[in-house]
Amino acid sequence: MTLLSLAGETIGWKEHDVLVGVDLSIQEGETIAFLGRSGSGKSTLITHLYRRLIAAGRATALVPQDHALVPPLSVFHNVYMGRLDRRSSLYNFANLVRPLRREVAAIRPILAEIALEPEMFRPVERLSGGQKQRTAIARALFRGGDILLGDEPISAIDEKQSAVVLDTIRRRFSTVLLALHDVDLARAYCSRIIGLRGGRIVIDKPSGKIERGEIEALYAA
Amino acid sequence: MRPDRKGPAGRHWLGRREVGIGVVLVGLAMLPFADLEVSTHDPWRHVSRFLAGFLSPDFNSIRSIAWAVVYTVAFGLVGVFIGSLAGLLLAPAYHLRPVRILAATLRAVHELFWALLFLQVFGPSAITGALAIALPYSGIFAKVYSEMLEEADRRPDEVLPPGSGALSRFLYARLPMALSPFRIYTRYRIECGLRSSAVLGFVGLPTLGFELDAFFKVGRYESVAAVLLIYYLMIATNRQWLRPSLIPVFLVAAFGLLITLGGPPFRMENLVRFLTEDIVPAPLRDASLLASSTWDQLSGWLDVLLSTQAFPGLWSTVVVTQMALAVTMFVALLGFPLIVARLVGKVPSISGHLLLVVGRSTPEYMLVYIFLQMLGPSMLPAIIALGLHNGAIIAHLLGRQADALTPTLRPDAPRGFNLYVYEFVPRLYGNFLAYIFYRWEIILRESAIVGILGVHTLGFYIDGAITEIRLDRAVLLIAVTVLATFAVDAIARGLRRRFQLSMNDLASREGSAIY
Numbered sequence: 184m185t186l187l188s189l190a191g192e193t194i195g196w197k198e199h200d201v202l203v204g205v206d207l208s209i210q211e212g213e214t215i216a217f218l219g220r221s222g223s224g225k226s227t228l229i230t231h232l233y234r235r236l237i238a239a240g241r242a243t244a245l246v247p248q249d250h251a252l253v254p255p256l257s258v259f260h261n262v263y264m265g266r267l268d269r270r271s272s273l274y275n276f277a278n279l280v281r282p283l284r285r286e287v288a289a290i291r292p293i294l295a296e297i298a299l300e301p302e303m304f305r306p307v308e309r310l311s312g313g314q315k316q317r318t319a320i321a322r323a324l325f326r327g328g329d330i331l332l333g334d335e336p337i338s339a340i341d342e343k344q345s346a347v348v349l350d351t352i353r354r355r356f357s358t359v360l361l362a363l364h365d366v367d368l369a370r371a372y373c374s375r376i377i378g379l380r381g382g383r384i385v386i387d388k389p390s391g392k393i394e395r396g397e398i399e400a401l402y403a404a
Numbered sequence: 273m274r275p276d277r278k279g280p281a282g283r284h285w286l287g288r289r290e291v292g293i294g295v296v297l298v299g300l301a302m303l304p305f306a307d308l309e310v311s312t313h314d315p316w317r318h319v320s321r322f323l324a325g326f327l328s329p330d331f332n333s334i335r336s337i338a339w340a341v342v343y344t345v346a347f348g349l350v351g352v353f354i355g356s357l358a359g360l361l362l363a364p365a366y367h368l369r370p371v372r373i374l375a376a377t378l379r380a381v382h383e384l385f386w387a388l389l390f391l392q393v394f395g396p397s398a399i400t401g402a403l404a405i406a407l408p409y410s411g412i413f414a415k416v417y418s419e420m421l422e423e424a425d426r427r428p429d430e431v432l433p434p435g436s437g438a439l440s441r442f443l444y445a446r447l448p449m450a451l452s453p454f455r456i457y458t459r460y461r462i463e464c465g466l467r468s469s470a471v472l473g474f475v476g477l478p479t480l481g482f483e484l485d486a487f488f489k490v491g492r493y494e495s496v497a498a499v500l501l502i503y504y505l506m507i508a509t510n511r512q513w514l515r516p517s518l519i520p521v522f523l524v525a526a527f528g529l530l531i532t533l534g535g536p537p538f539r540m541e542n543l544v545r546f547l548t549e550d551i552v553p554a555p556l557r558d559a560s561l562l563a564s565s566t567w568d569q570l571s572g573w574l575d576v577l578l579s580t581q582a583f584p585g586l587w588s589t590v591v592v593t594q595m596a597l598a599v600t601m602f603v604a605l606l607g608f609p610l611i612v613a614r615l616v617g618k619v620p621s622i623s624g625h626l627l628l629v630v631g632r633s634t635p636e637y638m639l640v641y642i643f644l645q646m647l648g649p650s651m652l653p654a655i656i657a658l659g660l661h662n663g664a665i666i667a668h669l670l671g672r673q674a675d676a677l678t679p680t681l682r683p684d685a686p687r688g689f690n691l692y693v694y695e696f697v698p699r700l701y702g703n704f705l706a707y708i709f710y711r712w713e714i715i716l717r718e719s720a721i722v723g724i725l726g727v728h729t730l731g732f733y734i735d736g737a738i739t740e741i742r743l744d745r746a747v748l749l750i751a752v753t754v755l756a757t758f759a760v761d762a763i764a765r766g767l768r769r770r771f772q773l774s775m776n777d778l779a780s781r782e783g784s785a786i787y
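Those protein sequence lines, which keep their order, are chains A and B.
The numbering of the first sequence is our numbering, which starts it at 184 and goes up by one.
The numbering of the second sequence is our numbering, which starts it at 273 and goes up by one.
The shape of chain B in the complex, shown without the other chains (with noise of 0.2 Å):
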C-alpha cells in the first residue's frame, strides 16, 4: 500500500476504470473493419423456427442421440484421463522454460484445431477424439497442477531427512499436499472435457455434435432442440451420475467402447508421412536444400501464405476478439446482477441462474454454430455468441462473489441501483477485470476457431489448407495462432500486474473455472 502515491482522487482506482474503458475503445474502433451483415434471407424466421423446436422437440432418433451422448461422455473421461496423466507429469518440471513453452504450445491449440490435424493421419478414430482433447488438457493441467503443487504446504518436504531422493519426496512430501486441490480441479475439468467432446462431433467424431450439425443442415430443428435438450441435460446432471467413485468404472468401460470403435486401421506409414513430409513447408520437400532456389521458393512460399492468408485471418481473428472482448465486459456487467438476490429478488434469481447456466454450458463453438444459422456467416453472429459465452461465464463468478459479499453489508446500505452502483460494481471492478484480460487469449483461441465455421478468421484458412491437403500450411497458420495467443497473454499478464489485478481463489472450483 502506498497512499502517498494514489493521491486524493485514488489514482488506483482512475487508472484501472481507464483500462476498462480502454478495452471497450478499442472494440469500438474495431467496428468499421467488422463485416457485420446479417446473410440470411430472414434471420427471424429461423429464430422462431429455431426457438418453436424447443416447444415440440423431437425425440424420434433418441436412439442415435443416445449413442451419441455415450460417445460424447467415452471421449470427453478417456481425453481428460491422458491429458490429466501427462499433465501431472509434467507439472513438477514446470519451472524449467522447455516444459512451459511446450505446456503452453500445446493449450494454445485448441481441440478442434488438434481434431483436423489428427483426421489427416487417424481419419475419425477413437485415437483422433482422445489425442484431440488429451492435448490441450495436458498442458492446461501441467500449468494448473503446478500452480496448485506451488501454492502447496512446503513444511513436510522440508523436514524430511537430507539426502531423500528427488522422486521419493514429491511422492510422499509434496504430491499428497496438493491432491486435494487436484481432485477439485480435475473434477471440473472433466465437465469441461464432455463439453469439448461434444463440440468435436462437429468436425465428424460420433458426438452429440455430429447430431446436432446433421440436424441442422435438414432444418430439423425439432430434433436439434432434443438434441439440445439432452445435452444440458447431461451436463447438469454430470456431477449426479459421474460420481468419483464410479469414474474407474466408466473409464474402463470408455476405453473398452473406443477401442471397438471402427474407423480406418492405424497405419504407422501414415503418421511418418504426416512428420517427415505433410507438415513441411512444400518447398522444401524432396528439394537439395543447398541450392539456393529452393530457399527462394520457400521465402517466395511464406510471402504468398503471409500475405494472403495468415495476416488477413490474423486481422479478423482480433477485430471479432476486440469486439467480443468488449460485448464479454457488458454481458458481465449486466449479468451478474440477474443471479444476486439482494439485487433481484429470490425467484427471479433462480431464472437467472438458469440463463447463466445455458450461457456458459454451452460450448463456445456450438453457440456460434447455432448463431451462424440463424443470422448467416459474418462476424456478427461469433461476436454475439463469444460475447454471450464468456460473459455469462463471468457474470457466474462476480455473481456468486456479491451474494458472499452480502451478508457483509452495512445495514444502511442503499437498495436496488444504487447497491449495485455504488457497493458491487466499485467492489468487484478489480476482480471483474482480472477475469476480463483472463479469457482475453481464451476469446483470442475461441475467434481464431470459429473461422471453421466460414466466419474468416485463422481457422478458416486452416480449415481450407487441411481440406486440400496442404498440411504444411495449416501448421504455419496454427502457429500463427499459438504466437498470437501467446502475445495476447503477455499483454494481459503485463496488464494484471501493472493494475495488481489477481485471483486468489484459484485452487476452488469456482476460481480456477475461469480457465
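Chain A extracted, bound-state conformation (with noise of 0.2 Å):
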C-alpha cells in the first residue's frame, strides 16, 4: 500500500527551495536510505516527510539531526517526551517531579537494548555526544508507531553500536526511512536507496541493484 507519493514537487526550506521536481512514492513496510552531501537535501526532505506524514494522521517518530533534546533533563525524561501526548498534564508534571514507578519500567528496557540504561538519571547535558544521539532514538523507539524518520541518526555512534541500533528500529517499526552517510550500512540494511544531488533525486533504486560507481558520483565534487 502506498504510504505517501510526491509528484514533481519543490519542497523549500524558508526562503529558498532547496528540492525540485520531487517525484517519490513511498510504500508501507520499506526501508530507504537517502544518501548524498551534505546541503543535498536529506534534511528537507526529512523535514517534509515527518510533517506530511503528522498531517495525515499516521504514527510516526522523529529522530531529528540536531538531536532536539533538553539538556538540564534526565535521560529518562527526554525518553518520556517521546509520549507527552499520551497522558494527562497532571500524569506529566507528577512524572517530572519525580519518575513514575511505571514509566521507569516501560523506558528501562529500551535504553537495556541500547546501552544506555546505566545513564538514565543523568542529565542530557553530561552526556557525550554518542550518548546524546542514542538518547534521541530512545526517545523515537518509546515514541513507537509504524513509521521511523531518522536524520542522520547514528552518524556520532561507533559502527558495532550502530548495527545494534538499526537492528532495534527495523524490529521496532515497519517503515524506516534514514538519511545515511555510512554508505555500506545503508545498504546492509535498507532495501531501496534514494540519492540526492544538488536538490533533486538522481538514484532510486532497491539496493542491491545499486552500482559502487554511482555512488561515488554522487559524492564527487
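Because the hints were derived from the structure by calculation, they are not lab data.
It should be emphasised that the depicted structure is a prediction, and the values quoted were computed from it without experimental measurement.
Built from N, CA and C at the ideal position, the CB exists for glycine as well.
A few of these clues could be false.
Said to hold, decoys possible - Which bits of chain A does chain B cover? Going by a derived footprint, with three or more residues having C-beta under 8 Å, they are:
#, stretch
1, 244 to 257
2, 271 to 280
Unchecked claim - Heads up, simulated SDA-like pairs for lysine to any residue below, C-alpha to C-alpha not over 25 Å straight-line:
#, chain 1, residue 1, chain 2, residue 2
3, A, Lys-343, A, Ile-398
4, A, Lys-315, B, Arg-446
5, B, Lys-415, B, Pro-433
6, A, Lys-343, A, Ala-404
7, A, Lys-315, B, Pro-433
8, A, Lys-388, A, Ala-403
9, A, Lys-315, A, Asp-268
10, A, Lys-315, A, Ala-295
11, A, Lys-315, A, Ala-242
12, B, Lys-415, B, Ile-519
13, A, Lys-315, B, Arg-426
14, A, Lys-388, A, Ala-295
15, A, Lys-343, A, Met-303
16, A, Lys-315, B, Arg-427
17, A, Lys-315, B, Leu-432
18, A, Lys-388, A, Gly-212
19, A, Lys-315, B, Arg-441
20, A, Lys-315, A, Asn-278
21, B, Lys-489, B, Arg-426
22, A, Lys-315, B, Leu-443
23, B, Lys-489, B, Glu-309
24, A, Lys-315, A, Pro-292
25, A, Lys-388, A, Asp-268
26, B, Lys-489, B, Pro-649
27, A, Lys-315, B, Asp-429
28, A, Lys-315, B, Leu-421
29, A, Lys-343, A, Arg-220
30, A, Lys-315, B, Leu-451
31, A, Lys-315, A, Arg-281
With the hints as a guide, bring both chains together as one complex.
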C-alpha cells in the first residue's frame, strides 16, 4: 500500500527552495536510505516527509539531526517526552517531579537495548555526543508507531553500536526512512536507496541493484 | 546594512551623536526651572562630619544593626521569592496584552510607594515589607523571564508529539531550556532585593534604612558610618554566604522570622475598607452615582488635584529626571575609563572599581537621602545622587566592555586620551546610548520617589496625601506616575528602534543589570 507519494513537488526551507521536481512514492514496509553530500537536501526532505505524515495522522517517530533534546533534564525524562501526548498534564507533571515507577519500567528495557541504561537518570547535558544521539533514538523508540524517520541518527555512534541500533529500529518499526552518511550500512540495512544531488533525486533503486560507481558519482565534487 | 543611505560622512553615527547631545541640551534647558539651592547653613561642615564618621565608626549599636541586617535579608529573600514565583506564572502569558499591562503597572510603581500604601492597610508588618518588594519584582520577573523563554531554543518543543498538552509542553520542553538564564537572573535580583529591603527601612520597616535614618536624625555620624560599612559588607559578600545551595534554608528561616514579627494583627476589614472606601475618590463615597452634583464634585476634585498637585509634581519630576539623565551621561562617559586597566593602569583601575561599586550598590534613595542631609532639601542633591548612581551603573557596564575590547585593539593603537576618544568611545557609544535610554524610565521612577524626602516631585505629594490619609489622592497621583513612566518608556523604545540600539547580552547577569 502506498504510504505517501510526491509528484513533481518543490520543497522549500524558508525562502530558498532546496529540492526541485521531487517524484517519490513510498510503500508501507519499505526501508529506505537517503544518501547525498551535506547540503544535498536530505534534511529538508526528511522534515517535509515528517510533516506530511503527521498531517495525515500517521503514527510517526522522528530522530532529528540536532536531536532537539532538553539538556538539563535526565535521559529518562527526555525519552518520556516521546509520549507526552498520551497522558494528562497532571500525570506528566507528577512524572517530572518524581519519575513514576511504571514509566521507569517501560523505558528501562528500551535504554537497555541500546546500552544507555546506566545513564538513565543523568542529565543529558553531561552525556557524550554518542549518548545524546542514542537518547534521541530512545525517545523515538518509546514514541513507537509504524514509521520512523531519522536524519543521520547514527552519525555519532561507533560501528558496533550502529548495527545494534539499526537492528532495533528495524525490528520495532515497519517503515523506516533514514538519511545516512555510511554507504555500507545503507546497503546492508535498507532495501531501497535514494540518492540526492544538488536538490534533485538522481538515484532511486533497490539497494541490491546499485553500482559502486553510481554512489561515488553522488559524492564526487 | 544600507551603506548607500549612510553617505560618506556616516549619517548614522551623526544621528546618534545628535540624539546624545540632544538629551544633554534638554537637561540644560531645565536649569531655569530647577531649584538648586543649598539650604543647609554650612554644607561643608556636614560633609566633613559625615566623612570623619568613617574614620571612627561607632559599633556600639551593633546589636540593633545586626538585627536590622537579619530583617533586611529576610524581607529581601521573601519578597524576591514571592515575586519570582508570580513572575514565573505570568511569563508564559506575557504575550497577552492584559498580562503585559498588569506587569508593566506593577513594576512602574516603586517599592516605596507600594510600602506607603500597604502601611495604611497592614501597618509596619511582614506582609507590608514582603508585598512591597514582591509586587514590583513580579512585574520585572514576568518581563525578563518571558524574554528569556522567547530566546531559548525551541527545537525540543517543535519535535514533541502533536497533541501534547500546553502545560506539559511548557514544563518539559520550554521551561528547562530557559532554566539556566533564569537562575543567573534571579540570583542577581536577590542582590537587588537586599538593597530594596534596606531602603524600606526609611519608611518604618525594621531594616537597615531604619537604623540609618535614626542615626542621621540625631546627628550620630559615627554610627551612620557603622551602618553604611555593614551594609556594604553585606552586599559585597552576599555571594559568599548566600550560596545557591543554602538559599532554601535561608528562605525557611526568613519566613519563620517574619511570621514571628510583631505589628498590628491582620484585619480583613482593613483591606476591604482600603479597597472599597479609602481609595475611592472622596466625592464618590456614599454619594448617589446618578446625581449630577456628584459628578460636578468629582470633576472639581480632579481639577484641584491635577492643577495643584499632579501637574506641578509631574513637572518637577521631569525636571529632576532630565537633569539627572544628563549628569548620568557625564558620569558614565567620564567614569568608565576609571576601571579600564589599559587606560589608567592596573592599580588605579582597582580603586576605580571600588568607587563604582559604592556608587551603584548604594540604593539611589539612600544616596539621595545622604546628599540631602548635607545640602538640604532641593533638587540639587537628588540630581547629583541620581546621576552618580545611574552613571556608576552604566560606567561599570561600559568599562567591562572596554576591557573585553582591549585584546582586539591593533598593536599600534593609540594610548591614553587618544585611545579613549578614538577607539573606546566610538565603539561603545551605541551601547552607551542604549543604556541611557534603558535607565531613563528608571530615573523617572526614582525622581518621583525621592519626593518623599522633600523634593517637590510626585512622591512629595503622594507622601503628603498618605500622611493626611487621603489615599484616594495618593492612588491617583501614583497613577499619574505610572502613566509618565509608560510615556517615557514608549519614547525610549521608539528612540532605541530609530537608532537601532539594542542590548544583545540581556540573558547575562551583566546585561540584565541594566534593569
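Here is what the structure says about each hint:
1. 244 to 257: Holds, because 9 residues of the stretch 244 to 257 of chain A bring their Cβ atoms closer than 8 Å to Cβ atoms of chain B.
2. 271 to 280: holds (count 5)
3. A:Lys-343 with A:Ile-398: 23 Å, holds
4. A:Lys-315 with B:Arg-446: Within the cut-off at roughly 19 Å; holds.
5. B:Lys-415 with B:Pro-433: Distance ~29 Å between Lys-415 (chain B) and Pro-433 (chain B) Cα, so the pair is violated.
6. A:Lys-343 with A:Ala-404: Violated, at roughly 30 Å.
7. A:Lys-315 with B:Pro-433: The hint holds at about 19 Å.
8. A:Lys-388 with A:Ala-403: With a Cα-Cα distance of about 19 Å, the restraint between Lys-388 (chain A) and Ala-403 (chain A) holds, given a limit of 25 Å.
9. A:Lys-315 with A:Asp-268: At roughly 22 Å apart (the allowed maximum being 25 Å), Asp-268 (chain A) and Lys-315 (chain A) satisfy the hint.
10. A:Lys-315 with A:Ala-295: With Cα atoms ~15 Å apart, Lys-315 (chain A) and Ala-295 (chain A) stay inside 25 Å; holds.
11. A:Lys-315 with A:Ala-242: 24 Å, holds
12. B:Lys-415 with B:Ile-519: OK: Lys-415 (chain B) and Ile-519 (chain B) at ~23 Å, within 25 Å.
13. A:Lys-315 with B:Arg-426: The hint holds at about 18 Å.
14. A:Lys-388 with A:Ala-295: 35 Å, violated
15. A:Lys-343 with A:Met-303: 21 Å, holds
16. A:Lys-315 with B:Arg-427: 15 Å, holds
17. A:Lys-315 with B:Leu-432: 17 Å, holds
18. A:Lys-388 with A:Gly-212: Within the cut-off at roughly 16 Å; holds.
19. A:Lys-315 with B:Arg-441: Distance of about 20 Å is within 25 Å: holds.
20. A:Lys-315 with A:Asn-278: With Cα atoms ~21 Å apart, Lys-315 (chain A) and Asn-278 (chain A) stay inside 25 Å; holds.
21. B:Lys-489 with B:Arg-426: At roughly 56 Å apart (the allowed maximum being 25 Å), Arg-426 (chain B) and Lys-489 (chain B) break the hint.
22. A:Lys-315 with B:Leu-443: Measuring from Cα to Cα gives roughly 20 Å; hence the hint holds.
23. B:Lys-489 with B:Glu-309: Status holds; Cα separation ~21 Å.
24. A:Lys-315 with A:Pro-292: 17 Å, holds
25. A:Lys-388 with A:Asp-268: Status violated; Cα separation ~37 Å.
26. B:Lys-489 with B:Pro-649: Holds. Lys-489 (chain B) to Pro-649 (chain B) sits at ~14 Å (cutoff 25 Å).
27. A:Lys-315 with B:Asp-429: At roughly 17 Å apart (the allowed maximum being 25 Å), Asp-429 (chain B) and Lys-315 (chain A) satisfy the hint.
28. A:Lys-315 with B:Leu-421: 23 Å, holds
29. A:Lys-343 with A:Arg-220: Holds - the C-alpha atoms of Arg-220 (chain A) and Lys-343 (chain A) are around 24 Å apart, at most 25 Å.
30. A:Lys-315 with B:Leu-451: With a Cα-Cα distance of about 20 Å, the restraint between Lys-315 (chain A) and Leu-451 (chain B) holds, given a limit of 25 Å.
31. A:Lys-315 with A:Arg-281: 22 Å, holds
The structure fails hints 5, 6, 14, 21, 25 (numbered hints given earlier, in ascending order).
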